[in-house]
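Which chain is which? The protein sequence lines are G, W and H, in order.
Position one of the first sequence corresponds to residue 1 (full-length UniProt numbering), numbered consecutively onward.
Position one of the second sequence corresponds to residue 1 (full-length UniProt numbering), numbered consecutively onward.
Position one of the third sequence corresponds to residue 1 (full-length UniProt numbering), numbered consecutively onward.
Hints in this document: simulated from the structure, not taken from any laboratory.
Using N, Cα and C, we set each Cβ at its ideal position, and we do this for glycine too.
Each hint should be verified, as a subset may be incorrect.
[As the list claims (entries may be wrong)] Output of the computed footprint for chain H on chain W, the stretches with three or more beta carbons under 8 Å from beta carbons of chain H:
| no. | segment |
| --- | --- |
| 1 | 23-32 |
| 2 | 71-83 |
| 3 | 113-119 |
| 4 | 146-156 |
Read off the chains here:
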Amino acid sequence: MAGTGKAHLRDGGARLTVKDLVVEFRTKGDQRVQAVSGVSFDVLPGETLSIVGESGCGKSSVARAVMHLPAPTDGAVQLNALDLGSLDKKALRRSRVAMQIVFQDPVASLNPRRKVKDLVQEGASIWGRGTAKSRDRDAREVLDAVGLDPDVVWNRRPHELSGGQCQRVSIARALVMEPDLLICDEILSSLDVSIQAQMLNLLRETKAQRQLSMLFIAHDLAVVKNISDRILVMYLGKVCEVLDVEALDRPATHHPYTQLLLESVPTVGSSRVVPSKAPAGQDLPSPLNPPSGCRFRTRCPLATPRCAVEEPRLERKSDDQFIACHEVA
Amino acid sequence: MVNDVEAPRRAPRPKRARRAAGKAAQLLAVLLIVSFGTFMLSALLPGDPAVAILGEGHPPEAYEQVRQELGLNDPLLSRYVEWLSAVIRGDFGTSLIPPQSEVSSRLASAFPVSLQLAVMALILALVISIPLAMVSAYRAGGVVDRIVSAITFGILSVPSFVAGLLLIAIAVNQFELFPRAHWVRLTDSVPDNLYHAFLPVLTIALLEIPTFTRLLRSDLVNTLQEDFVLASRAKGMPSWRIMLFDAFRPSSYSIITVVGLALASLIGSTVIVETLFSLPGMGSLVVHAAGQGDLPIVQGAVLVIAVTYVVINTAVDAAYSIVDPRIRRAQN
Amino acid sequence: MPRTEPISAITPPAAGATTAPPGPAAETRPRGAGFDVLTLMCGLWLLTLAVVALVAPLLPLGEHQDSALTLAEPIYAPPDLASAHPLGTNALGLDLLARVIYGARISLVVCISAVLIGMAVGGIVGITAGYLRGKVDVVIGVLTNSLLAVPTLIMLIALASVLRPTPQNMVIALSLVAVPGMIRVARAQTLALSQREYVTVARALGARRSRVILRELLPNVALAIIPLGMIYISALIVAEASLSFLGIGIRPPQPTWGNMIAEGQDGKMEQYPFLVIVPAFFLFLTVFSFNLIGERLRKVWDTRQVKL
Ligand SMILES: Nc1ncnc2c1ncn2[C@@H]1O[C@H](COP(=O)(O)OP(=O)(O)OP(=O)(O)O)[C@@H](O)[C@H]1O
Ligand code: SF4
Ligand SMILES: [Mg+2]
Numbered sequence: 001m002a003g004t005g006k007a008h009l010r011d012g013g014a015r016l017t018v019k020d021l022v023v024e025f026r027t028k029g030d031q032r033v034q035a036v037s038g039v040s041f042d043v044l045p046g047e048t049l050s051i052v053g054e055s056g057c058g059k060s061s062v063a064r065a066v067m068h069l070p071a072p073t074d075g076a077v078q079l080n081a082l083d084l085g086s087l088d089k090k091a092l093r094r095s096r097v098a099m100q101i102v103f104q105d106p107v108a109s110l111n112p113r114r115k116v117k118d119l120v121q122e123g124a125s126i127w128g129r130g131t132a133k134s135r136d137r138d139a140r141e142v143l144d145a146v147g148l149d150p151d152v153v154w155n156r157r158p159h160e161l162s163g164g165q166c167q168r169v170s171i172a173r174a175l176v177m178e179p180d181l182l183i184c185d186e187i188l189s190s191l192d193v194s195i196q197a198q199m200l201n202l203l204r205e206t207k208a209q210r211q212l213s214m215l216f217i218a219h220d221l222a223v224v225k226n227i228s229d230r231i232l233v234m235y236l237g238k239v240c241e242v243l244d245v246e247a248l249d250r251p252a253t254h255h256p257y258t259q260l261l262l263e264s265v266p267t268v269g270s271s272r273v274v275p276s277k278a279p280a281g282q283d284l285p286s287p288l289n290p291p292s293g294c295r296f297r298t299r300c301p302l303a304t305p306r307c308a309v310e311e312p313r314l315e316r317k318s319d320d321q322f323i324a325c326h327e328v329a
Numbered sequence: 001m002v003n004d005v006e007a008p009r010r011a012p013r014p015k016r017a018r019r020a021a022g023k024a025a026q027l028l029a030v031l032l033i034v035s036f037g038t039f040m041l042s043a044l045l046p047g048d049p050a051v052a053i054l055g056e057g058h059p060p061e062a063y064e065q066v067r068q069e070l071g072l073n074d075p076l077l078s079r080y081v082e083w084l085s086a087v088i089r090g091d092f093g094t095s096l097i098p099p100q101s102e103v104s105s106r107l108a109s110a111f112p113v114s115l116q117l118a119v120m121a122l123i124l125a126l127v128i129s130i131p132l133a134m135v136s137a138y139r140a141g142g143v144v145d146r147i148v149s150a151i152t153f154g155i156l157s158v159p160s161f162v163a164g165l166l167l168i169a170i171a172v173n174q175f176e177l178f179p180r181a182h183w184v185r186l187t188d189s190v191p192d193n194l195y196h197a198f199l200p201v202l203t204i205a206l207l208e209i210p211t212f213t214r215l216l217r218s219d220l221v222n223t224l225q226e227d228f229v230l231a232s233r234a235k236g237m238p239s240w241r242i243m244l245f246d247a248f249r250p251s252s253y254s255i256i257t258v259v260g261l262a263l264a265s266l267i268g269s270t271v272i273v274e275t276l277f278s279l280p281g282m283g284s285l286v287v288h289a290a291g292q293g294d295l296p297i298v299q300g301a302v303l304v305i306a307v308t309y310v311v312i313n314t315a316v317d318a319a320y321s322i323v324d325p326r327i328r329r330a331q332n
Numbered sequence: 001m002p003r004t005e006p007i008s009a010i011t012p013p014a015a016g017a018t019t020a021p022p023g024p025a026a027e028t029r030p031r032g033a034g035f036d037v038l039t040l041m042c043g044l045w046l047l048t049l050a051v052v053a054l055v056a057p058l059l060p061l062g063e064h065q066d067s068a069l070t071l072a073e074p075i076y077a078p079p080d081l082a083s084a085h086p087l088g089t090n091a092l093g094l095d096l097l098a099r100v101i102y103g104a105r106i107s108l109v110v111c112i113s114a115v116l117i118g119m120a121v122g123g124i125v126g127i128t129a130g131y132l133r134g135k136v137d138v139v140i141g142v143l144t145n146s147l148l149a150v151p152t153l154i155m156l157i158a159l160a161s162v163l164r165p166t167p168q169n170m171v172i173a174l175s176l177v178a179v180p181g182m183i184r185v186a187r188a189q190t191l192a193l194s195q196r197e198y199v200t201v202a203r204a205l206g207a208r209r210s211r212v213i214l215r216e217l218l219p220n221v222a223l224a225i226i227p228l229g230m231i232y233i234s235a236l237i238v239a240e241a242s243l244s245f246l247g248i249g250i251r252p253p254q255p256t257w258g259n260m261i262a263e264g265q266d267g268k269m270e271q272y273p274f275l276v277i278v279p280a281f282f283l284f285l286t287v288f289s290f291n292l293i294g295e296r297l298r299k300v301w302d303t304r305q306v307k308l
């Protein structure tokens, strides 16, 4: 995999375009970890792109880099054709509002000292939007939309809500800003299964109503099948495969890593918990010291000597499928 | 982050060296700032030092001359540099109040007294708090644990001058078990020295016992819940053996740090006790000097104590990161 | 009974040391966060003391300071609750009850002001260091370590050697003691909190740095700082009393608990134990109460933070 390449980018009209994104962290010993190494993708208006990969492959790092929180080490992020990297602090602050993010941990996402009404109105109060009255009304509306009774939760603090309710508040807080792009970083994995289904429905409805583009992050394919238009599979900071959701179940060949993920998807009716661990026995190699050539080769059943020296590029396989693999493509 | 970064390989040497150098630079900066603050004490002094030295009613030229001699007319920074370079050579000047001896010799005779008190108090505190912590942790939440914790919490709220006064009232005046106001140097007679030092040492130790006991207890309680301890339990090892061999050793790392830090700060905290028992240590030296406005002695004592503190801390820090693999890993 | 962590505030951690003192260890079984009778009594004590100290001039108390007015009063009168001097008198015939109350006035005002200053300055500086990191953090770290390098009492004594022992100077000196500990705690809290998603979300919503610091971080850092403040009040009360006891703090005839206790030195205490017992008792109860309430608050807020 270790795929770089932009064959899958569509020209023009994208809401979000990300090119050659690199995210590096400095660790204590003054070393650098590349959490994301040259990832590109785009999201059209009203489209949902899911990013899938196991824990630690750099999904959240992509999300934060897209928001410029903090800015990526390298690469370009364009929102509605505006290059975020070229903006000054103030302009960035203003443009960023068009993207909103919801995180995995519902409780850590809400300031424990605030009441729900203040949490939901936070954005409006930062920007001084509307009157107190109109803000209240908007907040109530959006709470209602996410399935919370405004009268019940209005004066509650996060610790008086359940995890699912907290997550709804987070979503409401994001939606009330009427963003063009909503980033959902594993928002389902801390919720139990019945609530997961409710949330998925909620997101699907909202998306339909608002022409919202979404970047939906998850670590397994089962969840994303229901909600995505396109899927991007990541491994150790690189792209393995990009495909339309219809291509997923088509008896087509996939990247070996996608294959692995597909095989670990629980069958319908089984109560198996969503696997968050590496699907194959081995662990993820350290991002401090990634394998040469194709990063997946240490776990790949098809690996050849070529895979150790040459990095595969993302190639078009069909109109709706792009794969970075020497053997499969 | 949720993800474990795999423990990275050791950083290349030059980077380690650079980090060590950065730390050393920070230490040096701390020492410089402390010394500058100490030096600046004299600037806080109200009134004109020349007047203070000569007294009132001299002609203005006389004051001017004194100021000239003292170098008070030079710019602040150059005076500081001069003062500091003298201090580094061990010359803290002479005390202002008779006997006008060299500050350095006064400090040299006082320092060992305080150091001895601090070290002995630490040992005593450990001797008392380790068993206390063990019996508390043995049945955490039980009656003994609660009593110990109530007592330690109570002791924590007794200022050491009150504790000292009470000890004197009881052990010295009531029962005449111990002498007061005498100090026999360790070099003169060891048993005599220990006998005279006991009450003061106990008073200081009382300051540290609650902290040590509480810390060690909660550490022990945690260790006792770890898997390897549970495994020993399952094997049927008697509880006291588990306490001593399995739980105590890993728990003692944190006490080592705290002891190091306490040693450093105790050298400053012996003040009260030295005054109460009239012991010739740093504390009583500095208190008397402060009462009389004898600034060179105060400055010298502050510096010596601060340097000791910083040096001990650094040493503890280094020792600790060598001893405890957990820290080393965390630093990577 | 209080089962608590050591009060690291009183011996704050090392200068130049990056090793944090061993972190708070989990309690064996989490005890209820509720307040019990003992805490309630401590609270009542502090409240009563504060009110009485506040309205002291209005109370029908004996003379506390001016011995010219007490020439006719008995000296060393033993405590007798039914008499005009319920807690006795001292060598000058001054009323001990009046003196402890006026002593409380000074102690509380001075120490609480010092802690408030320490909390404000230390809180803001610590949050700034923790949020901005980098060079600012290093510089603040060095300054903090410098303040910590001189043990509390030694620093106070050194300052006392050049400053006149007025209450204002006392407040300044004592707040210097409180600041570095507050900086450390605020910084550590900020480091932890700024990793929380709600800070990122606030920035995503467009909040400026100042808003993040004031609205997102400050209220949560305060949760950690307020209990520490309580514990610092007790530490400073002891420090202030120690200074007066040593004769270099606030001086007689103005009463403080420390200089009142000092009156019992030189054998007076054996003859007239109440000279020491009365102020020592007040001192102990007050310090104990602040310690206890601080610890309880910390635990309650800690568990809440964890639960969140
Ligand atoms: N602030 C940071 N400092 C250092 N390393 C980091 C930091 N944040 C993330 N990393 C590292 O970057 C890599 C990618 O992390 P990231 O959080 O993006 O993964 P993820 O795919 O979102 O994982 P998860 O599914 O567990 O959320 C990991 O190896 C992680 O350890
Ligand atoms: S076959 Fe080679 S290139 Fe393809 S995924 Fe496996 S290791 Fe990578
Ligand atoms: Mg993540």
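Results of checking the hints against the structure:
{"no.": "1", "hint": "23-32", "result": "holds (count 6)"}
{"no.": "2", "hint": "71-83", "result": "violated (count 0)"}
{"no.": "3", "hint": "113-119", "result": "violated (count 0)"}
{"no.": "4", "hint": "146-156", "result": "holds (count 7)"}
Going down the numbered hints, you'll see the structure goes against 2 and 3, while the others check out.
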